[in-house]
Amino acid sequence: MATIPSIAFIPSGYKAGKLYSVLPTNGTADFDFSRNTTATRTNKDGLIEAVTVNTPRLDYPLINGVVNGCPSLLLEPQSTNNLVQSNQFNTSWGVPNGLTLNGNQLSSLSGGLDVWKLESDGTSGFLAINQSASVTGTNTFSIYAKAGTNRYVSLRGLSGLDVRAQFDLINGEVYGSSNAVSTKINHIKDGWYRCTVTFDASNSLFYIYPMIQGVADAGSIYIQYSQLEAGSYATSYIPTEGSTTTRLKDEGSKTGLSADINSVEGTLFVEMSALVDDLSERRLSLSDSTSSNVVRVGYTNISNRIIAVVFNGSNQAVMTYTSSDITVKSKIAVKYKENDFALWVDGVERAIDSIGTTFSENTLNRIGFDGGSGVSNSFNKTNQLQVFKTALTDAELAVLTTI
Amino acid sequence: MANEIYSNTWWGDAYNTAGTLVQNPPLPNIEAYKLRVIGDGGIYEVNTCMANLASINPLLFDSQFIYVDRVVSDGGVIENTYCLALNINEIANL
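Chains D and F supply the protein sequences, listed in that same order.
Under the numbering used here, the first residue of the first sequence carries the number 1, and numbering increases by one thereafter.
Under the numbering used here, the first residue of the second sequence carries the number 1, and numbering increases by one thereafter.
Because the hints were derived from the structure by calculation, they are not lab data.
Glycine included, C-beta positions come from ideal geometry on N, C-alpha and C.
Any given hint could be a false lead.
Stated by the list, open to error - Now the in silico label distances, taken between C-beta atoms and shown as ranges: (1) F:Gly-75 <-> D:Leu-62: 21 to 31 Å; (2) F:Gly-75 <-> D:Asn-130: 42 to 52 Å; (3) F:Val-77 <-> D:Thr-149: 20 to 30 Å; (4) D:Ala-216 <-> F:Val-77: 47 to 57 Å.
Said to hold, decoys possible - Residues on chain D that point at chain F, a partial pick, calculated with CB under 10 Å: (5) Tyr-14; (6) Tyr-20; (7) Ser-21; (8) Leu-23; (9) Thr-25; (10) Asn-43; (11) Lys-44; (12) Cys-70; (13) Thr-322.
Said to hold, decoys possible - Every beta carbon over 12 Å from chain F, so not counted as near; a handful from chain D, in silico: (14) Gln-88; (15) Asn-97; (16) Gly-148; (17) Gly-219.
Same shape as in the complex, but just chain D (with noise of 0.2 Å):
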């Protein structure tokens, strides 16, 4: 008979304020979830998205412009897009002369007609549109492009540091950049890309030329949602319309699960992706409904580390893992149970302690994208969850894990 877990979550039904388990099937372990503000997915057709407010996101990969597998539930930090014109690119943006700006063209990501030409006259090569907003540290400017007769888009940004970046629009590379912390492009759809650079700096004027900056060029690309946030990586769109907007952060958590979590010993297991390798504390956990007694597991302050911890007063074990890349979908189980703890990762047994208590008896009764207490979020994209109430065998976390 096969082993049957307790909890069993697999992103495909929700609704605001709402994520349901497979196991159990009385809903017991249905996810409280929250975002007090709406967002932006890509859906089943590839399309980019608005999700209202505390619906939870599946968000589906795109291989080649394609949806392709499964979704996973997008949970993300929250961030606020400082441009106050996302994609009204003929308001708050300033357009030279020898620029010309058409919108309504071609089918955009989004499914409509929100698509703006932006097209040179190329008697300069700093010919840009651009728009003002004061930021200060790490943050992260990005817009979707294509392209048109011409082949490059560049971001820019200046006052404190001038930071440049030109990317290929034909070859999907990075064409080059200074003063940058990082650039990223990836491919879309269609020939859609986003481009992204971010920077350390306090700046206070961003560009977007329809060109390699400082190279005149006669013609045109498409471009859309732009985007200016805190942070060292691009979030998911956020739409402003004459004003910066904030995407809260998204939370999920149950309580109440003392009958369906044992607290003296078992198995969690997660498959997920980390969005971004920034060192930062994601936690997914079993718990008390606080800290003090917790089964979890997650990314830590170490590049690609994946770890796993069993703490009920003091660290019973704390077992880790370095991944090749964890913005890569990993299979990760761990297991607890007195003087037998041990993290599996994609099929292979990566860690064990074999010293260590659990907890007593309905200790445990909370599962939560966090750290036990609502902080250390799982920010992550999550594919499937679940708990098992006894420490599953070798061959049985083989087979669980393995990708």
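Put chain F on the given structure of chain D with help from the hints.
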């Protein structure tokens, strides 16, 4: 509230370019079903599957059935039932 399994052929047959039947269903040891869930919001249909190994706990299939019914009846949205079925079969094969 009423539910029924009214077809086990939703997956249909798959043929190669020479016209030869190559697979049905496309995964080994999997049976395909079409479920019809009648909830407060109307009729909801879902294509699904389950492992047909003798060792599999049939409660897993019931769980999926109950899950879809429960979500729909509660006014929730169901997406990607294929992935749901695939993952449930992973559980079943543990």
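Comparing the hints with the structure gives:
1. F:Gly-75 <-> D:Leu-62: 21 to 31 Å: At 29 Å between Cβs, range holds.
2. F:Gly-75 <-> D:Asn-130: 42 to 52 Å: 46 Å, holds
3. F:Val-77 <-> D:Thr-149: 20 to 30 Å: 42 Å, violated
4. D:Ala-216 <-> F:Val-77: 47 to 57 Å: With Cβ atoms ~51 Å apart, the hint holds.
5. Tyr-14: With Cβ-Cβ at 6 Å, under 10 Å, it holds.
6. Tyr-20: Holds - the Cβ of D:Tyr-20 comes within 10 Å of chain F, reaching about 5 Å at its closest.
7. Ser-21: 8 Å, holds
8. Leu-23: Holds - the Cβ of D:Leu-23 comes within 10 Å of chain F, reaching about 6 Å at its closest.
9. Thr-25: With a minimum Cβ separation of about 5 Å from chain F (threshold 10 Å), the hint on D:Thr-25 holds.
10. Asn-43: 9 Å, holds
11. Lys-44: 6 Å, holds
12. Cys-70: 3 Å, holds
13. Thr-322: At about 26 Å, which exceeds the 10 Å cut-off, the nearest Cβ of chain F leaves the hint on D:Thr-322 violated.
14. Gln-88: 30 Å, holds
15. Asn-97: 49 Å, holds
16. Gly-148: 35 Å, holds
17. Gly-219: With a cut-off of 12 Å, D:Gly-219 remains clear of chain F, as the shortest Cβ separation is near 41 Å.
Going through the hint list in order, the structure does not satisfy hints 3, 13.
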